[in-house]
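K.L.:
Go ahead and model the full structure; you've got the sequences and the hints to work with.
Listed here are the chains, written in short residue letters.
There are 2 protein chains.
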Amino acid sequence: MKKTATTVVQFQPEGISVSLEAGESLLDAARRAGVYVASFCGGQGACGRCRIKVLEGEVETESSISPTIKDKLGEGEVLACRTSPKGKSVLVEIPVDARLGEGKILFDEDSFADGHEDLASNLPERFPLSPVSQKIYLQLDPPTIENNIADYGRVEKALYDKGFRIFSVQYDVVQNIRSILREQDFKVTATLTRSGRSGWVLTRIEPGDTSGSHYGLAVDVGTTTIVVNLLNLATGATVAAAARYNSQFVLNFGEDYIARIMYAEANDALDELHKAVVKDISELAGDLLERADVAEKDLNAILCTGNTAMMHFLLGVDPGGIRRDPYVPSFNSIPSQRIRDIGFPGNTHARVYLMPGVSVYVGSDITSGAIAIALDRAEELSLFVDIGTNGEVVVGSKDVPLVCCSASAGPAFEGSGVKFGMRAAEGAVESFKIGKDGEVSCEVIGGGKPRGICGTGLLDAIAELFRAGALGANGKFNQDFKTPRMRGCDFECEYVLVPKSENAAGEDITLTQADVDNLIRSKAAIYAAVSTLLSQLGLDIGSIKQIYIAGGFGNFLNVESAIAIGMFPMLPPDRIHFVGNTSLAGAKMALLSNEACDAIRDVASSMTYVDLMQNPRFMEEFMLANYLPHTEIERFKGPTR
Amino acid sequence: MKKTATTVVQFQPEGISVSLEAGESLLDAARRAGVYVASFCGGQGACGRCRIKVLEGEVETESSISPTIKDKLGEGEVLACRTSPKGKSVLVEIPVDARLGEGKILFDEDSFADGHEDLASNLPERFPLSPVSQKIYLQLDPPTIENNIADYGRVEKALYDKGFRIFSVQYDVVQNIRSILREQDFKVTATLTRSGRSGWVLTRIEPGDTSGSHYGLAVDVGTTTIVVNLLNLATGATVAAAARYNSQFVLNFGEDYIARIMYAEANDALDELHKAVVKDISELAGDLLERADVAEKDLNAILCTGNTAMMHFLLGVDPGGIRRDPYVPSFNSIPSQRIRDIGFPGNTHARVYLMPGVSVYVGSDITSGAIAIALDRAEELSLFVDIGTNGEVVVGSKDVPLVCCSASAGPAFEGSGVKFGMRAAEGAVESFKIGKDGEVSCEVIGGGKPRGICGTGLLDAIAELFRAGALGANGKFNQDFKTPRMRGCDFECEYVLVPKSENAAGEDITLTQADVDNLIRSKAAIYAAVSTLLSQLGLDIGSIKQIYIAGGFGNFLNVESAIAIGMFPMLPPDRIHFVGNTSLAGAKMALLSNEACDAIRDVASSMTYVDLMQNPRFMEEFMLANYLPHTEIERFKGPTR
Ligand code: FES
Ligand code: FES
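Protein sequences appear in the order of chains A and F.
In this text, residue positions in the first sequence follow the numbering used here: the first is 1, and each later residue adds one.
In this text, residue positions in the second sequence follow the numbering used here: the first is 1, and each later residue adds one.
Take the hints with a grain of salt, since some may be wrong.
Intra- or inter-copy, both count: the list cannot distinguish identical chains.
[Said to hold, decoys possible] Derived DSBU-like pairs: lysine-lysine, alpha-carbon spacing no greater than 35 angstroms straight-line:
(1) Lys162 to Lys398
(2) Lys157 to Lys279
(3) Lys398 to Lys436
(4) Lys398 to Lys157
(5) Lys275 to Lys297
(6) Lys275 to Lys187
Read the hints as simulated data drawn from the structure, not as lab findings.
Treat the numbers as computed from the prediction; the structure is a model and nothing was measured.
P.N.:
Right under this line is the structure:
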């Protein structure tokens, strides 16, 4: 059946063309073309993020768009999700500030650089090297007529003698066991993968000693970014690392996981989202194996952490319960799976391990993160805050059982919902200094011309504008502040941080009043989550001795700036630690040590989740925190320096 | 590529034609046509069993056949394995006495009839109903905002509360758990299959209460016959039963397992033999499910017993070690496998359980059989003898650890290696009376005209001929015995048991001197195995209080006849029990009860195997037993009646 004639849509600056069936939107076209268009609401016409500029050709736009969103559209801009092409061809452009950063994603080595504490390069003392998959070299006695127990039984007994109880064996192991044992005179290497707390699956037997060729992948499956580390399971060393944007994000399935779940349901596309993330991990794994010159067959375990929704997408399991009262996920904790069962290509022996989460809102990124910073062993009461689209907060110590909560912080600190916000990638401003005269100096990731501002830069900008007096305590631009950089007024007001002439964005990089409002809402949500949780537990902010801040929002946060704007409570700066990607750090520990796996499991099953949405105090705290640094200024007795 | 022109071979009486490539033998043709031709040596030209009559067309026969075998070929007969067609077409016929009985195979209900003790219809008290696969009906609390643990966690906890520890879950269970739980308001049925001694795999969740629809298959994988029972795992009842010849046998891969291993090695045909037995079981299972109106998805476990070689073929695992010094099989005991991994079609959730054996010579047919007759709980010292191509002997009691041995009895009592021998199928003579005048009366299975003689009939014939005086104590026909039924002399001598006019074989049914020699060798091997084992353990025959005889060699053995020819030691007949197919009985118990599984495992790991071939006493005993009833007649002080 020949399809009916269609329109061709070409995207600039990529230059990619796709043809479109009648009834499909420009967002569908972008999805098909693999071109990133921001789509925070998943294509509902509600977020106004999918702005796209029509350069040539005719389009048809739905009229039902809200005036507030319509007002924010620039000259020639339309909402891609509500717009269809009309003629034979359309040429469209993604606005500069809506493009996806093309620079390399900061990860691992980078994100643990400088001010960060590298949690994962070595296992802490409490976790001995005992990976979830192990290769055991066995020098078996060759059988004689007096000792002629079966080949499989001989291997099983030798493993049992070394403390491994085998309760399952993969079929192909037994199939050829006879010739394998005899190839190198009963010297063989058995590969075991763990299943449950005390049992092992025998997944392979190889002739000779191959115990040195044994690798595993630790994966942080982020909503936006997927970061993988290839580890040598024989030595515990990190061999190679890589990261990429989550294709679910690039392919416009929605910016946050709720939007993606809605997209999956509306389009019966769970499988599509599932395959996207599996493909991402497979391709990253393939790259790393090639770079490290490791054979695919020697990758024996893939251990993943991430929020609850991402774990559902990764497995291809119905995530519908995540966004519906009473917020019941399909699973929080699940035994390991064979990689081929969940659609991974390659080594059919390898297993995928998903670390356990606590609830819909608190996934294994948090449980693993808590173990990575040893919150369960903390001598003093400590706070763990993971800042992403959601801010998760965990409080506890070795004596105080861990309690956690989660608040929707919005994606502002990840660079979304802010006009020139971008991920912490090359070309992002990561720090600002703003003088009393309003003049601006900045540092750019990679050292080139700025293209946008990442989370740490945004936080700095707010703090510096506030210190300089350009922003008032109410979070509004101060019209009395005299500088040519400030223009427009009220809602339209914006501050030029990097003029067009000095940047690579093609227009002035500004911070708008709307951006400031978004950022203040985000920091207020985090502060409110922390203070509500503490007050619910009857704890005073003063009792918190250490704060650990994790998240992919920037390279290294300026502690003073964070405190200055009231994001964190007033504490001596040396008690605040930026710990980078703790989800990945925890994944690496779990991959390398069964004891770490068990610790994560213990944390997941013992952690109490407090639902802030049910708590009227949270709203109150949130309103109070919508100031710089806070309405109750006595909570912040001035900058700490 | 067009194949070169070939010869067409047609088989009578089947009327099946196949074309044959150059270089292929008539035995290859029979294999391809699915026509049974006896081939005891697996096509080596050594057994002389693959006789075939050339009716039309030219053939070419290898000249290297031994004269002894050549002498036994009838008019126009050739060895199929050493003969190739020459012209364009050949018409051949399978000699009547070499045809496979087409009547139904006796099994289960039939073989437990009359004199037999039904061991499997009910579980003995020691084994509670606790099948290897269980369906558990769960009435879960629907989640609320206060109790919103994950769907999978909810199921896992409910199962844990009922005593089931889940260490593995099949992927598709989790995939749809959300909708399944909600289909019937959180009332679901979980299917669990056991793996290891204390863990369970969650293989399925269904909405509502389906716990009543739960079935398992018990399979006795015999070298010649495969017998299956379909059991309702919810009630323990046997629902349906079926049997067929093992296709490995029908397709001429060799009559005994050693021949089949050789065939597999010579032709790289392990996979072919593997697929044959999997297909047999699948087809039998399909028949039973249809007959019992059971859905394929409700067959959740297949539990198999059989000799060590058959277990290797069933899994498709290299059996090469079985026939080579130092006699090390690839496995004796192995964790359960997913049915699809080993090539079964259908329900991917079901698992295959293979019961553990002891050694190359003592398979799970024996360990399961020992548990079926509760040898490990016997109050008094007891003997368990399983008579097939190999005779296995186990001695022990609740106080005396089980010891076993195995002796090659030859297939005479299974009807092979005897001119008119046949399986215990319709048309087989199963009992004889022979008067002092040499006149013969007989009983035929199915009541029709006789086509041959089954094991029990052969045993009767020898005993009756001996009693009548037609056979001497030396096992030779007595030329002084006057009857027209005896003809020829010395090696050529034979006794007409059923003249052509009264039978369906198309010629006189006789017992030849060679047949008698074979049968006496068989009974001598069994007797020698028993007596050697006992003497090695320092036990006197008098200390044996009970003897249990198992095997598919006939419907019900005449105890007096067996003792009269010296097959078993002289004991009061009420101490000798014919227990039919104990391998199947044990398989049924194991399928229905984890405790039975464990008992079989315990027996397999604690049983001592004694190698008779290493024992000079065995040869001596064997020689002494090559008489009727025995050289040392004082061991048999006359018939017991
Ligand atoms: S408005 Fe188009 S994706 Fe949200
Ligand atoms: S002689 Fe032909 S099969 Fe044995």
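K.L.:
Does each hint fit the structure? Answer for all of them.
P.N.:
Each hint, compared with the structure:
1. Lys162 to Lys398: This pair counts as both: shortest intra-copy Cα distance 33 angstroms, inter-copy 33 angstroms.
2. Lys157 to Lys279: between (39 angstroms within a copy, 33 angstroms between copies)
3. Lys398 to Lys436: neither (46 angstroms within a copy, 96 angstroms between copies)
4. Lys398 to Lys157: between (40 angstroms within a copy, 27 angstroms between copies)
5. Lys275 to Lys297: Both. Shortest intra-copy (22 angstroms) and inter-copy (28 angstroms) distances satisfy the 35 angstroms Cα cut-off.
6. Lys275 to Lys187: between (40 angstroms within a copy, 31 angstroms between copies)
Going down the numbered hints, you'll see the structure goes against just number 3.
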